[in-house]
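S.K.: Its first residue numbered 1, the sequence shown is counted upward by one per residue in full-length UniProt numbering.
Where hints are given, some of them may not hold.
[Stated by the list, open to error] Label pairs and their computed distance ranges (CB to CB):
| no. | residue 1 | residue 2 | range |
| --- | --- | --- | --- |
| 1 | I98 | W251 | 22 to 28 Å |
| 2 | L331 | T58 | 19 to 25 Å |
| 3 | W251 | W135 | 24 to 30 Å |
| 4 | L267 | L80 | 22 to 28 Å |
| 5 | A301 | L80 | 38 to 44 Å |
| 6 | I177 | T55 | 20 to 26 Å |
| 7 | A37 | A329 | 22 to 28 Å |
| 8 | L121 | I177 | 24 to 30 Å |
| 9 | L155 | R361 | 49 to 55 Å |
| 10 | V180 | L331 | 24 to 30 Å |
Read the hints as simulated data drawn from the structure, not as lab findings.
Backbone N, C-alpha and C fix where the C-beta goes; we use that ideal spot for every residue, glycine too.
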Amino acid sequence: MPENPPEKRPKSSVLYTSEASVLDKVPLSLRVAGAWAWRIVVVGIILIAGIWAFTSLTALFVPLVIALIIAAPLERLVTLMEKIKFPRALGSLIAIVILILIVAGLGTVASAAFMSEYDDLRDATVEGFDTFVDWLVTGPISLDQTQVDEVVGNLQSFFEDNAQGLASGALSVGSAIGTVFAGIVIALVALFFFMRDGRQIWHWTAGLVPDEAVDRVEKAGLHSWITLRRYTQTTVFVAFIDAVGIGAAAWILGVPLALPIAILVFLFSFIPLIGATLSGVIAALVALVDGGWTTALLMLAAVLIVQQIEGNVLYPWLFGKAASIHPLAVLLTISAGTLTLGLIGAVIAVPVVATLYAFKRGLRRDADFSDDDRPPITSQIPVLAERSKDAVRRARGAISRTGELHVSRDAAADGAAPDSAAPRERGTSEVEPHSEQIPTRGSDSPER
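Work out the full structure, taking the sequences as your base and the hints as a guide.
M.R.: Here it is as structure tokens:
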């Protein structure tokens with residue numbers, strides 16, 4: 001019987017060596033750690049280079065990201081217009097015009113309301129400051145009048161001495177306005193092409209990867225796009241509810257600038273966790289200046305109520321697993337975005353991270369995309385309202401039938417047979433559970 005030939009081991013292998021070498025004296029665990037280490041270093045260098053390029057070209061990348069976030073929900077409008085025989089190019093232009101009209105209309109209304117009430121607010125601010133200074137002297141703190149006058153004089157001197165710096169800052173603001181205008185133009189152009197040719201752009205991008213991974217990358221990109229669209233839609237809806245609630249409270253309490261406050265709340269609500277709270281604090285300060293402590297406390301209470309409804313009802317119901325990010329990760333993401341890009345970074349940080357996480361999750365071979373075909377829950381709100389009305393009508397019918405049954409039983413007890421029994425409507429005892437009527441995200445989806 002012929003002997004088996006000796007196993008050929010490559011001399012370049014770290015694990016298989018035919019002769020004793022220095023590598024044999026290195027523990028296997030250390031060799032594995034070294035192999036991991038240099039790969040981590042390479043990945044870290046690539047990430048650092050990407051972050052450096054992003055921060056260096058902020059004026060280019062930030063408008064593109066903002067255009068992508070806006071295009072996610074507006075693309076549905078363009079698709080709807082395409083179904084009624086509108087070309088995608090024309091539909092994209094109409095969507096952009098509608099967006100510009102909405103933004104310009106809100107800005108015009110807010111500016112007009114601010115200018116009409118500016119004088120009253122200025123007088124109330126001066127009066128409130130004088131009242132605060134008097135309270136410092138006559139209140140529990142009992143500061144010396146001389147010390148208070150000295151602090152006020154120092155503040156006035158500070159603003160007068162820095163008037164030249166403020167003037168030079170105005171020049172820098174002028175250059176910043178030019179940068180903002182250029183960014184708006186880039187964002188609008190990118191928005192047009194994202195809505196018109198978004199799918200073709202993604203197909204071309206996915207074609208850059210190896211052939212065996214193209215299908216997975218395309219599906220992961222579609223999954224992340226749907227996640228971004230749902231995130232943006234629900235964020236806009238929650239911001240609208242916050243603005244209506246806090247703005248209505250300011251109007252009922254007689255706080256000036258109620259409409260600008262509502263618009264400010266709407267804009268700040270795009271910053272998760274802390275945005276609406278910051279704008280609510282501003283509303284409480286305006287109420288304090290205009291109406292005193294009582295109005296300010298009532299305004300603050302209204303803000304807290306709206307925040308509780310948002311955090312405990314709207315976000316769990318509407319968002320579900322739209323972002324699938326832990327609140328601590330959201331807070332750290334907002335902090336990193338703020339430190340990197342300021343207010344714009346705080347707005348775009350969470351949707352960017354949520355989209356990247358959804359893309360990574362979609363690359364898994366066992367990824368489940370069944371939830372992507374389900375319409376967002378914000379589009380089911382009219383259905384919920386209609387079914388709620390049906391439930392009320394069924395409840396009223398059940399109550400009336402219960403009364404008829406009681407009357408029939410009383411008549412039977414007196415010896416009089418009832419003329420006819422009230423027919424029982426079909427389906428009153430077979431009411432589907434609410435969770436099946438309006439399925440929420442994550443209620444029937446498997447854990448990933």
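S.K.: A separate judgement is required for each hint: does it hold in the structure or not?
M.R.: So, going through the hints one by one against the coordinates:
{"no.": "1", "hint": "I98 x W251: 22 to 28 Å", "in the structure": "27 Å, holds"}
{"no.": "2", "hint": "L331 x T58: 19 to 25 Å", "in the structure": "23 Å, holds"}
{"no.": "3", "hint": "W251 x W135: 24 to 30 Å", "in the structure": "28 Å, holds"}
{"no.": "4", "hint": "L267 x L80: 22 to 28 Å", "in the structure": "27 Å, holds"}
{"no.": "5", "hint": "A301 x L80: 38 to 44 Å", "in the structure": "41 Å, holds"}
{"no.": "6", "hint": "I177 x T55: 20 to 26 Å", "in the structure": "21 Å, holds"}
{"no.": "7", "hint": "A37 x A329: 22 to 28 Å", "in the structure": "26 Å, holds"}
{"no.": "8", "hint": "L121 x I177: 24 to 30 Å", "in the structure": "25 Å, holds"}
{"no.": "9", "hint": "L155 x R361: 49 to 55 Å", "in the structure": "54 Å, holds"}
{"no.": "10", "hint": "V180 x L331: 24 to 30 Å", "in the structure": "28 Å, holds"}
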